[in-house]
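Undergrad: Protein sequences appear in the order of chains B and A.
If you read the first sequence in our numbering, its first letter stands for residue 1, the second for the next number, and so on.
If you read the second sequence in our numbering, its first letter stands for residue 1, the second for the next number, and so on.
Don't take every hint at face value.
Where chains are identical, the list cannot tell them apart; a pair therefore holds if satisfied intra-copy or between any two copies.
[What the hints assert, rightly or not] Quick list of in silico lysine to any residue cross-link-like pairs, SDA-like style, CA-CA up to 20 Å:
1) Lys178 to Thr253
2) Lys22 to Tyr244
3) Lys238 to Gly164
4) Lys213 to His201
5) Lys63 to Arg158
6) Lys173 to His150
7) Lys41 to Pro55
8) Lys41 to Ser53
9) Lys238 to Asp221
10) Lys22 to Leu67
11) Lys238 to Ala140
12) Lys173 to Ala205
13) Lys178 to Asp40
14) Lys41 to Leu137
15) Lys238 to Arg251
16) Lys4 to Pro55
17) Lys22 to Arg147
Derived from the structure by calculation, the hints contain no laboratory data.
There are 2 protein chains.
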Amino acid sequence: MPEKKPLILITNDDGYQAKGIKELTACLRDLGELIVFAPDKARSGMSSAITSSMPLMYSLIRKEEGLTVYSCTGTPVDCVKLAVNEVTGRRPDLLVSGINHGGNMSIAVNYSGTMGAAAEGCIFGIPSLGVSLLDFLADADFTESCRLGHAVARQVLRDGLPDGTYLNLNVPKLPHVKGIKVCRQSRGRWEHEYMHTETPHDQPAFWLTGDFKDAEPVHPDNDTLALHYGYASLVPCKIDVTDYGFMQQLRLTVG
Amino acid sequence: MPEKKPLILITNDDGYQAKGIKELTACLRDLGELIVFAPDKARSGMSSAITSSMPLMYSLIRKEEGLTVYSCTGTPVDCVKLAVNEVTGRRPDLLVSGINHGGNMSIAVNYSGTMGAAAEGCIFGIPSLGVSLLDFLADADFTESCRLGHAVARQVLRDGLPDGTYLNLNVPKLPHVKGIKVCRQSRGRWEHEYMHTETPHDQPAFWLTGDFKDAEPVHPDNDTLALHYGYASLVPCKIDVTDYGFMQQLRLTVG
Numbered sequence: 001m002p003e004k005k006p007l008i009l010i011t012n013d014d015g016y017q018a019k020g021i022k023e024l025t026a027c028l029r030d031l032g033e034l035i036v037f038a039p040d041k042a043r044s045g046m047s048s049a050i051t052s053s054m055p056l057m058y059s060l061i062r063k064e065e066g067l068t069v070y071s072c073t074g075t076p077v078d079c080v081k082l083a084v085n086e087v088t089g090r091r092p093d094l095l096v097s098g099i100n101h102g103g104n105m106s107i108a109v110n111y112s113g114t115m116g117a118a119a120e121g122c123i124f125g126i127p128s129l130g131v132s133l134l135d136f137l138a139d140a141d142f143t144e145s146c147r148l149g150h151a152v153a154r155q156v157l158r159d160g161l162p163d164g165t166y167l168n169l170n171v172p173k174l175p176h177v178k179g180i181k182v183c184r185q186s187r188g189r190w191e192h193e194y195m196h197t198e199t200p201h202d203q204p205a206f207w208l209t210g211d212f213k214d215a216e217p218v219h220p221d222n223d224t225l226a227l228h229y230g231y232a233s234l235v236p237c238k239i240d241v242t243d244y245g246f247m248q249q250l251r252l253t254v255g
Numbered sequence: 001m002p003e004k005k006p007l008i009l010i011t012n013d014d015g016y017q018a019k020g021i022k023e024l025t026a027c028l029r030d031l032g033e034l035i036v037f038a039p040d041k042a043r044s045g046m047s048s049a050i051t052s053s054m055p056l057m058y059s060l061i062r063k064e065e066g067l068t069v070y071s072c073t074g075t076p077v078d079c080v081k082l083a084v085n086e087v088t089g090r091r092p093d094l095l096v097s098g099i100n101h102g103g104n105m106s107i108a109v110n111y112s113g114t115m116g117a118a119a120e121g122c123i124f125g126i127p128s129l130g131v132s133l134l135d136f137l138a139d140a141d142f143t144e145s146c147r148l149g150h151a152v153a154r155q156v157l158r159d160g161l162p163d164g165t166y167l168n169l170n171v172p173k174l175p176h177v178k179g180i181k182v183c184r185q186s187r188g189r190w191e192h193e194y195m196h197t198e199t200p201h202d203q204p205a206f207w208l209t210g211d212f213k214d215a216e217p218v219h220p221d222n223d224t225l226a227l228h229y230g231y232a233s234l235v236p237c238k239i240d241v242t243d244y245g246f247m248q249q250l251r252l253t254v255g
């Protein structure tokens with residue numbers, strides 16, 4: 001009996017028709033049997049949002065040897081939940097989310113639907129990886145991000161990941177990336193977040209925008225800095241957000 | 001000159017009209033000047049989702065001595081961002097999100113809009129706390145959760161919190177809670193997540209539901225267990241999700 005090919009679940013937050021997920025799918029074909037299960041439209045900035053106020057639906061888009069593509073009415077996390085519960089049949093051996101049109105370094109991991117999907121895969125016990133390119137354009141060049149995403153995906157498929165840990169790969173917008181640097185999530189936040197506008201009835205209305213402010217621009221393990229210097233950044237992320245250090249201190253004053 | 005009263009920002013994910021936020025607001029009146037800035041409708045399960053595809057609007061609901069109430073068209077995180085950027089005038093001294101109708105222990109912190117708002121407050125450098133009651137009912141009894149939420153809010157206002165750390169308080173549905181236990185986020189996930197239903201056109205449709213499965217039911221620091229034994233659980237949570245331990249190991253094989 002031939003060994004079963006690895007089963008790879010692919011999703012994203014830009015929707016199943018985005019160039020990033022199509023290029024990712026094409027480049028991962030040699031690693032296993034692929035199931036693409038992705039939102040039917042762009043769902044950026046959805047973090048780990050889930051849909052409980054309405055039912056979800058999904059549609060088969062196409063099926064060929066080694067690849068099946070579905071679209072789903074839900075968020076990126078909904079896609080992972082629904083695919084694993086109802087569609088894949090067995091637990092996938094790998095989940096790759098992306099390639100996102102736009103970076104998800106630093107605190108962006110908190111808001112990103114791409115990374116929400118990767119976190120959800122991790123909660124299911126699937127070795128999971130999010131891949132993002134620092135280019136928002138619809139026709140961005142994914143050549144380097146595919147090359148590096150493929151390398152990390154292959155390694156994760158071979159070695160696995162610790163229980164409760166998933167990976168965040170960000171790739172700079174460059175024709176030649178210098179390599180991958182293992183980093184930590186840099187500290188920072190957005191400032192000047194809203195553009196002021198008005199409704200047709202002269203009511204104020206606020207569009208989210210803003211400038212990212214790095215809180216520690218010279219820290220050597222900083223993912224934002226690695227990207228600035230032409231490296232891809234790879235940050236291992238944990239599902240468990242408990243602050244164990246402060247937990248001990250808090251015990252002295254509470255309960 | 002009299003000292004300025006502390007400024008407290010209150011939000012939630014059940015909407016500004018929910019009983020939980022109204023009771024919370026009433027019980028925090030003695031701690032400072034309150035601004036309630038909350039979604040105009042229920043936005044449960046929104047995690048740290050943000051709205052960038054359309055502009056946000058907000059409305060003044062009422063204003064009285066020491067209390068101003070606004071509703072906003074966005075998610076819980078949108079509410080925090082918009083309030084701090086455009087409405088509060090100065091950085092609030094405390095953010096309290098809740099009281100949520102329903103528990104947010106264990107992995108629920110990942111999906112919860114209540115906790116998304118608390119995390120966002122923390123990113124702004126505001127000492128931030130989410131409060132949830134393990135009762136989904138619209139007319140739940142918030143007496144104990146108000147008493148404990150008030151105690152923790154008062155302590156946080158006095159002592160502050162470490163930079164990048166926020167608190168998750170969950171209160172069991174009991175007439176008399178035994179006290180507060182400082183815990184860590186227990187490991188677990190939901191199983192059997194979808195109820196199968198159909199559209200009027202005989203298409204399958206899937207409602208999110210599911211049973212929470214605790215992965216380590218006897219761990220002494222487990223928040224789910226503390227709640228089971230009649231205590232409120234208090235978990236300090238970190239914005240930085242980097243897995244520092246695995247980062248060192250990953251360096252040996254990548255880059």
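Undergrad: Taking each numbered hint in turn, which are not upheld by the structure, reported in ascending numerical order?
TA: 2, 4, 5, 11, 12, 13 and 16
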